[in-house]
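4 protein chains.
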Amino acid sequence: MAHKHGHGREQIQFANAEDKQEFSKFPTKAGRRSLSRSISQSSTDSYSSAASYTDSSDDETSPRDKAQVNSHGSTDFCVKNIKQAEFGRREIEIAEQDMSALISLRKRAQGEKPLAGAKIVGCTHITAQTAVLIETLVALGAQCRWTACNIYSTQNEVAAALAETGVPVFAWKGESEDDFWWCIDRCVNRDGWQANMILDDGGDLTHWVYKKYPSVFKKVRGIVEESVTGVHRLYQLSKAGKLCVPAMNVNDSVTKQKFDNLYCCRESILDGLKRTTDIMFGGKQVVVCGYGEVGKGCCTALKALGAIVCITEIDPICALQACMDGFRVVKLSEVIRQMDVVITCTGNKNVVSREHLDRMKNGCIVCNMGHSNTEIDVASLRSPELTWERVRSQVDHIIWPDGKRVIVLAEGRLLNLSCSTVPTFVLSITATTQALALIELYNAPEGRYKQDVYLLPKKMDEYVASLHLPNFDAHLTELSDEQAKYMGLNKNGPFKPNYYRY
Amino acid sequence: MAHKHGHGREQIQFANAEDKQEFSKFPTKAGRRSLSRSISQSSTDSYSSAASYTDSSDDETSPRDKAQVNSHGSTDFCVKNIKQAEFGRREIEIAEQDMSALISLRKRAQGEKPLAGAKIVGCTHITAQTAVLIETLVALGAQCRWTACNIYSTQNEVAAALAETGVPVFAWKGESEDDFWWCIDRCVNRDGWQANMILDDGGDLTHWVYKKYPSVFKKVRGIVEESVTGVHRLYQLSKAGKLCVPAMNVNDSVTKQKFDNLYCCRESILDGLKRTTDIMFGGKQVVVCGYGEVGKGCCTALKALGAIVCITEIDPICALQACMDGFRVVKLSEVIRQMDVVITCTGNKNVVSREHLDRMKNGCIVCNMGHSNTEIDVASLRSPELTWERVRSQVDHIIWPDGKRVIVLAEGRLLNLSCSTVPTFVLSITATTQALALIELYNAPEGRYKQDVYLLPKKMDEYVASLHLPNFDAHLTELSDEQAKYMGLNKNGPFKPNYYRY
Amino acid sequence: MAHKHGHGREQIQFANAEDKQEFSKFPTKAGRRSLSRSISQSSTDSYSSAASYTDSSDDETSPRDKAQVNSHGSTDFCVKNIKQAEFGRREIEIAEQDMSALISLRKRAQGEKPLAGAKIVGCTHITAQTAVLIETLVALGAQCRWTACNIYSTQNEVAAALAETGVPVFAWKGESEDDFWWCIDRCVNRDGWQANMILDDGGDLTHWVYKKYPSVFKKVRGIVEESVTGVHRLYQLSKAGKLCVPAMNVNDSVTKQKFDNLYCCRESILDGLKRTTDIMFGGKQVVVCGYGEVGKGCCTALKALGAIVCITEIDPICALQACMDGFRVVKLSEVIRQMDVVITCTGNKNVVSREHLDRMKNGCIVCNMGHSNTEIDVASLRSPELTWERVRSQVDHIIWPDGKRVIVLAEGRLLNLSCSTVPTFVLSITATTQALALIELYNAPEGRYKQDVYLLPKKMDEYVASLHLPNFDAHLTELSDEQAKYMGLNKNGPFKPNYYRY
Amino acid sequence: MAHKHGHGREQIQFANAEDKQEFSKFPTKAGRRSLSRSISQSSTDSYSSAASYTDSSDDETSPRDKAQVNSHGSTDFCVKNIKQAEFGRREIEIAEQDMSALISLRKRAQGEKPLAGAKIVGCTHITAQTAVLIETLVALGAQCRWTACNIYSTQNEVAAALAETGVPVFAWKGESEDDFWWCIDRCVNRDGWQANMILDDGGDLTHWVYKKYPSVFKKVRGIVEESVTGVHRLYQLSKAGKLCVPAMNVNDSVTKQKFDNLYCCRESILDGLKRTTDIMFGGKQVVVCGYGEVGKGCCTALKALGAIVCITEIDPICALQACMDGFRVVKLSEVIRQMDVVITCTGNKNVVSREHLDRMKNGCIVCNMGHSNTEIDVASLRSPELTWERVRSQVDHIIWPDGKRVIVLAEGRLLNLSCSTVPTFVLSITATTQALALIELYNAPEGRYKQDVYLLPKKMDEYVASLHLPNFDAHLTELSDEQAKYMGLNKNGPFKPNYYRY
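Residue numbers (the working numbering), protein chains in the order written: chain Y, 1 to 502; chain U, 1 to 502; chain F, 1 to 502; chain W, 1 to 502.
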């Protein structure tokens with residue numbers, strides 16, 4: 001499958017043109033991705049949070065060209081520099097402090113080893129927090145092989161620490177696209193070892209296995225998928241009748257959704273704006289496009305810090321919520337001239353158009369909290385009459401002929417990925433959800449899950465939440481027998497119907 | 001069906017003992033209601049808001065014994081005093097000012113008369129706001145006959161105003177149970193007129209028709225039900241295979257839910273506590289039992305006014321939300337000694353027990369925002385060692401032998417019904433939802449709705465919301481063709497999947 | 001001084017025309033009061049909170065014409081009906097529950113009787129809370145005689161309860177102007193008893209003594225004055241060199257100011273609007289005129305409940321604060337057409353003019369939280385082309401020829417006095433401040449206070465606050481010796497310089 | 001005065017031992033500074049915000065040893081590298097965008113050149129924002145010479161840009177103590193040029209002139225001092241009768257105070273915590289020591305983002321405010337075990353003691369928002385049984401023998417200076433205040449200001465605020481003649497009495 005190429009190291013080769021095209025035209029949503037991209041869009045998103053820890057040494061040798069061995073004599077890994085393991089270990093230990101839910105899961109489930117026999121191949125961001133997840137899976141009995149879902153996001157030191165303890169990791173910060181597929185391949189394609197569980201974030205691993213090693217699926221008990229894009233791919237496979245194993249959509253679990261969107265964005269909008277622009281929020285006129293969970297989080301935080309916020313919406317129900325929450329609902333064109341900050345949270349494209357950008361006032365800040373890099377029509381700003389001036393990392397001033405400057409953050413990509421960090425606690429929610437989904441799928445009795453995409457059972461969603469309550473010293477009330485009967489509930493949950501809105 | 005009884009006027013008679021028992025044992029939820037109650041629990045709930053407008057004249061003659069005629073010569077109604085019509089008309093006109101959504105619906109739909117031919121029998125609270133609904137239905141082409149779903153809630157003047165304009169209304173404030181059923185019967189049982197639509201709030205009307213006039217259902221195109229209790233009854237019927245017409249559950253529409261629970265309670269908790277106790281909120285220690293929509297509304301308002309709020313929860317997901325929103329999650333017994341105010345919003349029973357009440361501090365205020373009158377074990381306070389002292393309407397001091405006073409509001413019934421008013425705007429949401437549900441069911445093509453219980457289609461839910469946006473001068477954004485295609489949405493909605501959590 | 005008049009009872013007689021004119025032209029602020037008013041403006045302000053407790057019996061006999069005796073045989077009082085004492089006693093007991101600071105003061109100071117020998121004549125609102133103050137003063141050794149500072153605000157039952165225990169009270173609800181002065185006179189002019197301390201609210205008592213019994217001031221050790229108006233009068237006297245005793249301005253103590261304005265208005269704006277109009281706050285467009293303490297309180301509360309608030313200001317510093325707190329700063333004329341609610345908190349006159357009123361939209365609510373009845377030009381609405389319709393107590397619809405209705409609350413008088421109640425806790429702050437001021441002045445060594453107007457010493461202001469902390473179970477931290485030295489502070493306070501802004 | 005020393009360049013020499021000691025023992029507050037420090041404490045505070053812009057080139061040559069000349073041929077400056085001027089110019093231009101008040105002041109006052117003839121020697125942080133101030137002073141007619149008040153805070157590029165345009169600047173990032181005094185001396189001691197105005201931040205410049213060049217004060221019309229420390233020094237001089245020119249305390253102007261404390265800390269507490277620890281605020285238990293303006297800002301922001309905040313206070317009035325604002329008031333020792341974050345804002349010393357630190361839970365974060373580096377007893381943590389681990393810049397883990405980690409930020413120095421940036425807008429308030437104070441003192445008629453310390457006149461404070469209102473598109477209301485008369489105010493202000501609390 002993988003051959004040497006001219007430069008003396010392995011390169012991913014496609015068996016034939018169709019295969020290559022298959023990878024190239026693989027759409028996240030119909031019509032949305034250009035043909036020139038052959039890995040999932042999310043895998044090349046800029047990703048800042050990890051960067052701060054990671055060395056920028058001059059070592060330009062590709063990890064693929066290095067011979068490395070860990071202290072146990074293993075060479076079954078490929079990382080930037082195995083010698084960074086100690087630093088990475090400390091990062092992992094620090095992360096563990098805020099991921100007590102996983103540590104608690106380790107303890108509760110360690111006796112029974114619910115993942116004994118599980119062989120998990122994983123493709124996620126490789127950070128200290130992921131390491132805590134991987135080491136939890138190992139503690140519960142699993143064997144793991146791991147690769148990165150994003151070419152920029154790997155914390156090299158953490159990858160080294162994992163490799164040092166014996167987890168075969170294939171990932172480094174700054175992979176090329178070829179590296180990306182090579183790593184996935186090395187992860188999956190190991191003599192004498194065959195995965196029976198897949199943990200994916202973005203669907204690239206799943207896709208690779210599907211195209212290159214379809215026979216692996218005969219042994220796989222299930223796929224756990226984390227991302228919007230990956231979930232979308234799975235539903236497409238399911239719809240096409242091509243999904244041959246059960247898959248768990250953990251992206252849409254209640255707990256994860258609330259934390260990824262409402263709670264996390266409530267903090268990251270402030271953080272992202274502050275780190276890039278040192279803006280004072282008090283008194284600023286802000287328009288937030290979209291009043292879904294992300295928009296609600298942004299609006300709450302900005303209003304609380306004294307900004308004057310209005311919103312745009314296409315959905316009358318969300319618009320009515322905005323009214324009741326104290327935000328004026330406007331059309332962007334009505335207010336664009338007065339705004340100090342424009343934030344997109346719609347999931348849509350070209351929400352901020354060149355026409356809007358032309359009418360903004362001097363000093364207006366524009367950023368995207370919503371989706372990929374489509375919401376702001378940044379491409380329209382790449383025109384000769386406008387001057388781009390990079391004033392800091394992730395901050396560009398676009399200068400109009402009359403001297404007006406508009407400040408574009410992260411070139412219109414996701415501010416919360418590019419310019420702020422995700423709190424470990426949020427990652428703990430996600431990682432715990434993933435671990436429970438793996439346990440559920442791996443241990444489910446034959447027949448409980450068909451070849452379809454499932455949401456995490458509400459009871460497990462509730463369990464994820466309950467594992468995180470001790471962080472807050474929160475004490476749950478238990479139903480009495482009489483009360484449980486009155487409510488028609490099991491005392492251990494689930495406590496709500498599936499359609500409950502929280 | 002209705003016969004004269006000894007006291008010289010009609011009284012509802014049951015054909016046989018089983019029938020009577022049927023009415024008596026009819027449960028809202030299994031095992032919850034005592035056998036001695038023969039009408040829905042909600043129909044006898046105390047209800048204060050309307051009371052302020054309604055006369056307390058000394059006229060003790062029962063409306064059933066009065067001969068009244070309106071200015072058009074009709075006697076097909078039974079209200080307290082037809083002469084109060086003018087005062088009631090003004091109340092209706094004032095209500096119309098805040099119900100522009102219904103007025104707008106009248107205008108938009110008046111040309112086509114979408115309810116032409118509809119014969120609607122309705123059983124709801126009879127207030128100025130209901131009158132605006134009824135007159136909207138009439139304007140859209142319907143014939144209506146109306147009765148009250150609660151023996152206390154009728155605004156006599158409004159009933160008179162409706163009767164004066166020709167709507168047969170049978171209702172007055174302070175009905176007996178016998179009056180209640182007599183009114184329903186008079187409403188349904190009219191020679192030469194047979195209902196083809198039912199609008200119910202609590203299920204009593206539906207039940208009466210079901211038991212007494214089952215043949216009516218042959219002509220009925222659908223039932224629109226407003227209340228938790230009534231919806232529960234309908235689902236039971238459906239489950240038992242006894243539901244013979246389509247029914248629309250408007251209680252669970254998104255817009256109505258948010259307004260009835262989150263937004264309305266956010267205001268009514270303050271209003272209810274202030275009107276009854278003149279409490280200062282700043283610095284008060286408050287425990288809110290239950291962090292669902294009602295609890296969230298209460299907590300938001302109290303925190304905003306400077307109270308120090310903690311919550312109790314049985315559901316770890318809601319508990320985690322409370323943590324993230326800044327509320328300590330505790331067990332009631334842990335904090336009960338320190339609390340200044342205890343508020344229940346659980347939907348459960350005996351959440352505040354006698355043991356809790358015994359441990360409260362002097363001056364602690366206890367009230368129920370949740371459900372019926374079960375949440376606080378008020379019955380346990382009816383014991384010889386405790387003294388009850390009524391200090392104001394709806395306010396009792398319960399005095400312990402050592403002099404400690406606990407202040408119980410509304411005897412543990414719903415504070416928001418008993419001690420505060422519901423804003424007209426909230427009632428407008430409900431009424432508009434009801435009107436659209438009636439139009440939908442009445443005009444639906446054969447076969448769209450089976451003999452089952454349906455939620456309002458999301459698109460109509462969105463339409464209800466959109467009709468209320470002009471109140472806030474809110475301007476919706478429209479999707480461009482390109483954007484709609486990108487999102488895979490129709491430009492006119494619905495804009496969200498059914499499971500969307502808002 | 002007081003003679004019988006033709007109707008068979010005493011009436012206040014003025015010795016000569018100049019005297020009478022003196023009372024009539026007595027201005028609170030230059031040029032503001034009409035000549036036809038001879039008592040302080042505040043003494044005839046409408047005052048709702050007490051009203052709810054007070055009987056509306058048909059007994060039309062003037063108390064001045066009744067012969068009443070209490071159970072101890074005393075006739076030295078004049079109240080509506082001494083038989084209401086028991087009901088009044090319960091009201092006092094309920095008030096005591098929220099006035100633990102005064103009870104605590106009673107206990108701490110009772111041994112030493114710091115007011116032994118004090119003969120206090122008082123003129124304040126007579127409510128349950130005042131009764132707790134008076135009985136505290138008595139417990140601390142004082143003899144008291146009391147009268148009402150407002151002709152509407154007396155709780156008759158409370159006055160009866162005080163009279164029953166032996167405090168000579170001269171007050172009832174609904175006094176005439178003549179009654180008002182008669183009561184003051186009876187209070188002061190008692191054979192064999194001469195006041196040595198004055199507690200006044202509005203300055204009418206002080207003025208009466210000054211004009212009629214100037215010799216009393218020879219014995220008086222000090223005046224404690226509560227109101228803006230009274231304080232203004234005192235400063236005028238002082239400026240004119242006519243103040244012959246020390247006076248304490250308790251109106252401007254920090255604690256009282258914050259509670260009377262910021263904290264109290266934060267709650268009463270919601271209460272006043274809700275009780276009168278049942279308005280839903282969510283999404284309402286509100287303009288608040290003036291961003292002082294009252295305005296800040298109103299804005300905070302309304303914003304928290306989802307209103308969209310903008311403000312008007314004349315002072316750039318307050319305007320900048322409003323910006324930083326998230327409120328748009330506008331001119332009233334710029335926004336008047338869009339507003340749902342207009343609230344004045346300026347202390348100024350004609351802030352809302354007829355021109356503004358003409359441009360308001362249908363249904364706009366207008367009310368005054370600021371000052372007297374001058375802020376809204378209500379007089380301009382008394383014109384033939386407009387129709388007034390009283391829809392509830394304190395609520396008028398003013399109807400324009402085109403049918404537009406503007407809703408004016410309390411005829412432009414203070415909403416928080418007319419339409420909401422003042423929490424007992426706030427009254428406790430005031431009463432404790434008054435008690436401490438009396439103790440301070442009565443016990444001050446010769447020479448500490450000259451014939452001037454003083455603010456309460458900061459240390460006593462801090463003491464008032466500290467007496468109220470137990471209500472919140474608040475635990476103060478004590479400075480260590482080392483810390484006190486480092487800060488240059490006494491460990492017992494005062495803790496801040498006089499100019500500290502809090 | 002300045003001589004060459006052995007290493008071949010000038011070094012500050014003290015004439016005699018007493019002089020040197022004088023500088024060394026110079027206290028900011030009595031007893032607080034160690035004798036080993038010879039410059040003001042604030043001048044060596046860590047200061048991060050500027051650092052991000054400033055190069056960390058390997059050029060280790062001291063600027064004092066470099067021969068540099070600007071493009072106009074001048075050598076009268078000493079900066080890191082004059083070639084960085086272009087980059088610095090861009091930073092100044094960016095800063096100008098958020099400092100429109102100064103630009104506006106330039107325009108309004110440029111015609112009359114109110115500082116014509118002024119020779120200003122300045123000692124402040126040298127940042128882009130200061131450059132805007134300096135260039136404003138020049139535009140208004142002044143000649144300026146400038147030096148840095150802090151050895152770390154200079155933005156080298158900005159210093160270069162100023163030097164390039166002809167302002168003699170003597171400052172670079174990373175000065176030694178000797179450099180510090182040398183720069184001040186070079187700034188003051190210029191042949192043929194004598195300062196007549198001083199702008200100081202910390203008092204070091206004033207002190208140097210006072211000790212070395214006392215004759216300068218004969219020409220100086222006034223000192224404008226910015227800092228708490230410098231103001232304290234001035235009051236000491238004044239008290240000692242040694243202040244020989246008028247001085248303006250701009251630190252205590254209302255506008256500056258509110259922005260430096262309440263509004264700025266409201267944002268910087270979030271920013272500082274996030275940048276250092278990536279903490280999630282939601283649900284965190286936080287104790288804030290001190291509820292002054294800084295504490296209020298911190299509490300407001302943290303509460304708004306879902307933290308559960310309690311406070312400690314020594315002052316009962318502030319404690320009562322905390323209660324009314326919804327914060328529990330506790331002693332630190334009562335809650336220390338449960339806290340996730342401890343923040344000091346007291347201005348006091350040893351507020352967090354070793355005993356408290358010993359009882360903190362694992363992972364507790366401790367930081368100082370208050371004053372210097374005294375509030376947390378960091379020294380007590382420098383003991384053998386504890387391990388310090390630096391995990392990031394400004395972040396240390398202190399590890400107890402049992403493995404417990406406490407996270408100390410900025411080694412207990414000010415978080416808001418060390419770990420977050422100050423928004424340009426806040427610096428604009430300060431700079432505008434300084435400029436107006438200079439204009440006022442320079443142009444005041446003889447005799448208006450004596451040899452004393454003055455607060456900025458309220459009218460100028462209001463003018464500073466009004467210059468910043470256009471940033472918010474805020475529109476002030478003007479008093480009518482009638483209203484001004486009614487209020488007894490001048491239509492142009494001042495609008496409040498001096499004791500007004502805002």
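Hints may be right or wrong, so weigh each one.
No copy is singled out in the list; a pair is fine if it fits within one copy or between any two copies.
Within a straight-line C-alpha distance of at most 27 Å, the following computed DSS-like cross-link-like pairs (lysine-lysine) qualify [unchecked claim]:
1. 485 to 242
2. 459 to 119
3. 458 to 303
4. 218 to 496
5. 485 to 66
6. 404 to 496
7. 211 to 239
8. 404 to 242
9. 485 to 212
10. 107 to 66
11. 361 to 450
12. 303 to 219
13. 458 to 239
14. 212 to 242
15. 83 to 218
16. 83 to 66
17. 219 to 119
Since the hints were made in silico from the structure, they are not lab data.
Predicted model only: the values in this text are computed from it and were never measured.
| Numbers of the earlier hints that this structure fails to satisfy, in rising order | Of the numbered hints given earlier, those the structure breaks are 3, 4, 5, 6, 8, 9, 10, 11, 12, 15, listed in rising order.
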